Each structure stands twice: as C-alpha cells, then as structure tokens.
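As numbered in this note's numbering, residues 6 to 201 make up the sequence shown, in order.
Hints listed in this document are in silico derivations from the structure and should not be mistaken for laboratory results.
Where hints are given, some of them may not hold.
What the hints assert, rightly or not - With a cut-off of at most 30 Å between alpha-carbon atoms, the simulated DSBU-like pairs for lysine-lysine come out as follows:
{"id": "1", "residue 1": "113", "residue 2": "163"}
{"id": "2", "residue 1": "123", "residue 2": "8"}
{"id": "3", "residue 1": "63", "residue 2": "106"}
{"id": "4", "residue 1": "63", "residue 2": "140"}
{"id": "5", "residue 1": "106", "residue 2": "117"}
{"id": "6", "residue 1": "163", "residue 2": "140"}
{"id": "7", "residue 1": "113", "residue 2": "88"}
{"id": "8", "residue 1": "117", "residue 2": "37"}
{"id": "9", "residue 1": "113", "residue 2": "8"}
{"id": "10", "residue 1": "140", "residue 2": "8"}
{"id": "11", "residue 1": "117", "residue 2": "88"}
{"id": "12", "residue 1": "37", "residue 2": "63"}
{"id": "13", "residue 1": "117", "residue 2": "63"}
{"id": "14", "residue 1": "140", "residue 2": "106"}
{"id": "15", "residue 1": "9", "residue 2": "88"}
{"id": "16", "residue 1": "37", "residue 2": "106"}
{"id": "17", "residue 1": "63", "residue 2": "11"}
{"id": "18", "residue 1": "63", "residue 2": "88"}
{"id": "19", "residue 1": "106", "residue 2": "9"}
In this text, all values refer to a predicted model and were calculated from it rather than measured experimentally.
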Amino acid sequence: MKKKIKYEFSQITTRGGDHGESTLFNGERRRKDDPLFFLLGDLDELSSSMGVAIAGLKRFGPLSADDPRTVRWLEAMDDIQGKLIILGGMAANPDNRSRLKLNPLTEKDTEKLEFYQKELMELTAISRELIHPGKTLFSAWIDVARTVCRRCERRVVKEIRVSVMTHLIPGQIYLNRLSDFLFISARYWEQISEEN
C-alpha cells in the first residue's frame with residue numbers, strides 16, 4: 006500500500022490561479038485558456054475516465070477481482086495511467102527543459118502497450134460490423150475513455166504542429182495505440198460478459 010501524505014490547506018489551495026493563470030511544470034505562467042491547458046485537462050479526463058472503467062471492472066465486472074484476466078487488465082491499466090502522468094509532465098514542459106529531470110515516454114513504452122493489445126487480440130473475436138458502444142455498462146465506460154483518448158491525441162497533434170512541441174511525438178504515438186487498446190479492451194470484456 007502506498008504511503009499517504011497529509012497536506013496542509015495552503016499546499017492544495019495556493020490561490021495562484023485566482024486571476025486566470027496557472028503554472029506549468031517548467032515554472033512558466035500561462036493563461037488558463039491557453040490551448041496547452043486544454044490538452045492537460047483532457048489528459049486528466051482520460052486518466053479519470055480510465056479510473057471509472059477500472060472501478061467499474063472491480064465492482065461490476067463479469068469476473069472476480071482475483072481472476073488472472075481481471076488482475077492482468079488492471080495491471081495494464083495502472084501502467085498506462087502512470088504513462089499518462091509522464092505525458093502530462095512532458096506537455097507541461099513546452100520548451101522541453103525543466104527544473105526537474107523528466108523521464109519521457111519512449112518507443113519501449115509504446116511497444117509494451119502494443120504487447121498488452123496483442124494479448125487481448127489473441128483472445129477476442131471482433132465483429133466486422135460497426136460497433137455500437139453500450140453492450141454492457143462496463144464496456145461503455147471503456148469506450149468513453151477511448152473517445153477521450155482520441156481527443157487527447159488530436160490536441161497533442163495540434164501542439165506538435167502549432168507550438169512545435171516535437172518532444173510530444175512519442176506521446177502522440179502512445180495515445181494512438183492506447184485508443185486501439187481501449188477499443189480491444191471494450192470488445193474483450195463484452196465477450197467475457199457473454200461467456201459468463
């Protein structure tokens with residue numbers, strides 16, 4: 006279990022954003038309506054949407070929480086959420102310099118995500134017909150996360166193109182694979198639900 010830290014009110018509520026500005030990871034202040042903050046908000050929403058899917062599997066999933074298939078998928082999702090935090094740090098560092106050393110996303114991270122996807126694809130039969138999300142409540146939550154992921158990817162592409170944040174290219178590739186993984190995940194859990 007992770008150690009919990011007790012924070013003081015002033016550590017959470019700094020009032021630094023009361024005038025419509027916020028601070029990026031690199032210390033730079035920007036207006037809260039800067040496109041970069043929309044990207045950061047979308048990444049937060051993606052991780053939160055994935056969190057809903059994780060909680061949904063634990064509570065409403067078709068298998069027990071200790072079933073190896075459940076455990077494996079939850080481990081993958083936890084790993085992915087950690088990578089989204091890294092991507093957020095990369096995005097909050099637009100000049101790719103920081104007071105703190107960042108470990109950026111790499112090709113190995115994408116390869117690991119592809120491995121998770123291949124594992125599920127070997128176990129999942131996918132219809133050639135158009136998919137209508139909502140076959141199960143749980144798979145619908147995963148599909149919502151997938152659509153948020155696609156929006157994040159579009160925002161990253163825009164930051165790469167408009168703001169020349171080329172250090173985000175590995176993140177764009179990662180998000181592209183993640184939306185595929187989430188698509189397969191939803192179909193996988195629908196199939197498991199039908200079998201049980």
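**Message:** Hint compliance check: list the failing hint numbers for this structure, sorted ascending.
**Reply:** Those not satisfied are hints 2, 3, 6, 8, 10, 12 and 14.
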